[in-house]
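For what it's worth, this note's numbering labels the leading residue of the sequence shown as 52, then goes sequentially.
Hints in this document: simulated from the structure, not taken from any laboratory.
Everything hinted at is true.
For lysine-lysine, the following DSS-like pairs were computed, each having C-alpha atoms within a straight-line distance of at most 27 Å: (1) 118 with 146; (2) 99 with 73; (3) 119 with 146; (4) 98 with 146; (5) 98 with 119.
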Amino acid sequence: MLEEFDIVIHDYDESMADGVAKMWNTWDELWPGSFTQGNPYTAERVKKQYATLSALAILIAIDQESKKPVGSCTLFAHWRDKEAAYIGTLGVSPKALG
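Using the sequences provided together with the hints, build the complete structure.
Laid out in structure tokens, this is it:
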């Protein structure tokens, strides 16, 4: 049976950077070729990366029991179609996959 999570989606803020870094570092086993490319994420790296984005939304899924990030999603305006948007990065931590 799959473990269930009580998840709430929040807009990213810099106070989440350390938790996001730790979560992203768990993605290596799921991401083809590795997510971190051998360079583990830190809170500073997350802050710098997100500070440079012109995203419509940066969303973080927070597990309400542990209060830790278990997923993230970036949403961007489409460069050709003003009526469309696209997902930049979408992923979850391995433990949230069940």
